[in-house]
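Chemist: Protein chains in written order, with my numbering: chain S, 2 to 250; chain A, 2 to 250.
In case anyone wonders, no lab produced these hints; they're calculated from the structure. Accuracy of the hints is not assured; some may be wrong.
Remember, identical chains collapse to one label, so a pair may be satisfied in a single copy or spanning two.
As the list claims (entries may be wrong) - No farther apart than 30 Å at their CA atoms in a straight line, the calculated lysine-lysine pairs in the DSS-like style are these:
(1) K223 <-> K245
(2) K94 <-> K16
(3) K94 <-> K196
(4) K14 <-> K243
(5) K242 <-> K16
(6) K140 <-> K245
(7) K242 <-> K140
(8) K196 <-> K223
(9) K196 <-> K64
(10) K94 <-> K14
Given next are the chains, with one letter for each unit.
2 protein chains.
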Amino acid sequence: MLSTLFNHRSIRKYKSNPIDESVLDEILQAGIRASNTGNMQVYSIIVTKNPEIKEKLWEQHFKQDMVKQAPVVLTFCADFNRFNKWCELRNAKPGYDNFLSFYTATVDAVIAAQNVALAAEVHGLGICYLGTTNYTADKICEILNLPEGVVPVTTLVVGYADENPDLTSRLPESAIIHNETYHDFSNEDINEIYKELENSELANNLVTENGTENFAQIFTQKRYTRSNNIHFSNVLLNVIKKQKFMNNE
Amino acid sequence: MLSTLFNHRSIRKYKSNPIDESVLDEILQAGIRASNTGNMQVYSIIVTKNPEIKEKLWEQHFKQDMVKQAPVVLTFCADFNRFNKWCELRNAKPGYDNFLSFYTATVDAVIAAQNVALAAEVHGLGICYLGTTNYTADKICEILNLPEGVVPVTTLVVGYADENPDLTSRLPESAIIHNETYHDFSNEDINEIYKELENSELANNLVTENGTENFAQIFTQKRYTRSNNIHFSNVLLNVIKKQKFMNNE
Chain S
2 MLSTLFNHRS IRKYKSNPID ESVLDEILQA GIRASNTGNM QVYSIIVTKN PEIKEKLWEQ
62 HFKQDMVKQA PVVLTFCADF NRFNKWCELR NAKPGYDNFL SFYTATVDAV IAAQNVALAA
122 EVHGLGICYL GTTNYTADKI CEILNLPEGV VPVTTLVVGY ADENPDLTSR LPESAIIHNE
182 TYHDFSNEDI NEIYKELENS ELANNLVTEN GTENFAQIFT QKRYTRSNNI HFSNVLLNVI
242 KKQKFMNNE
Chain A
2 MLSTLFNHRS IRKYKSNPID ESVLDEILQA GIRASNTGNM QVYSIIVTKN PEIKEKLWEQ
62 HFKQDMVKQA PVVLTFCADF NRFNKWCELR NAKPGYDNFL SFYTATVDAV IAAQNVALAA
122 EVHGLGICYL GTTNYTADKI CEILNLPEGV VPVTTLVVGY ADENPDLTSR LPESAIIHNE
182 TYHDFSNEDI NEIYKELENS ELANNLVTEN GTENFAQIFT QKRYTRSNNI HFSNVLLNVI
242 KKQKFMNNE
């Protein structure tokens, strides 16, 4: 188990081999056992294997080939629809059309997703999370027929790896861990924390290819630009509102 | 590993035994290996052991005794502060003061939290997630000195269990898993899905104790009421704004 945690690599190239149904079922069951808020289980998992539906999802996930290659695409959703329907059938007035409920359901969905990811890895499968889920949440709602009370949170592609990538580097522990309370960073701290990453071959190659001054600019100018972030923020907030999670008064 | 996933129980009573430093460090390292967006690692983990600070957190976590009992309290935060500081030092203009960035960092924080939770369980420790983190995020920011760009997402208490609870029930798989696309629920589906839960001893006892008509009303009238949800939605949205994650224009 610990070795699974320590050996995680995101897999972006997949073989076409299908996943055995019993294996897939066990992986999904591992997700369902995860911690969740008040045992309400306010999330759902959409299991997409149909090539036509996967192709529609592939378009929304920025045409990353792994979405078509991997035999299974799992979309994890914040989901109060089922719970609301239950309440309404029981003369119990649901009050879950607000941001807190959405956020709670988001946390539940991600905890379940990580259980599924790890169970898949234990079974020798590869996985990759797709952050694009948030960027095109509006279109994904349409493709997957998500009703009010349901918002896609994250996606996992799952399948047998057709690549064997190296372990990616991580920042030193002092970048992530704070003792007792938060200890903010001096310029010297930041230089020290990012030194290894900035001097890596990966960073140097990207800087050369893209003609930026340094590695930080790869993020701000190429990968995660302000204008894209603002655009996608509004897409996501509109979906949250449209799916009836923004009644905060 | 799979047995760890399938045997998870939330632990709410802890022995006072401390956690060995090397064990705690390995658990945190397991968190740091988790999948994250663009390898930006935009989250942080605050490790609180000091009884005085824990007591302040305990107050905000609705005075749940496990916060004082457990030797370690881990607050997982969405954190763009470190990344922003790095960008600014490198003449790279960060555009991460928006909702998408906050939501991305939330997902990263929760994935790391679940790795930490599972690594702790492999080491024979118990854990419990605290959803109260979102309800009192404003006060938790003060206690933990969280700067702009940092918002608490979830909390784990970690320690040696002083109870041995049964596995909690889960809804049948048909409640959570949808094939290909979302298949909405008929009234009959809902009745079937919730039948076992509603007929459980737990549900019957709670209904009797609280004098509600049924189990659904335990949630809507006692545990997660509309008025609380709306109040806490606004607390959380205000924190997101105050910590500079709502510049979406």
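Chemist: Can you give the numbers of the hints that this structure goes against, from lowest to highest?
Modeler: 2, 4, 5, 9, 10
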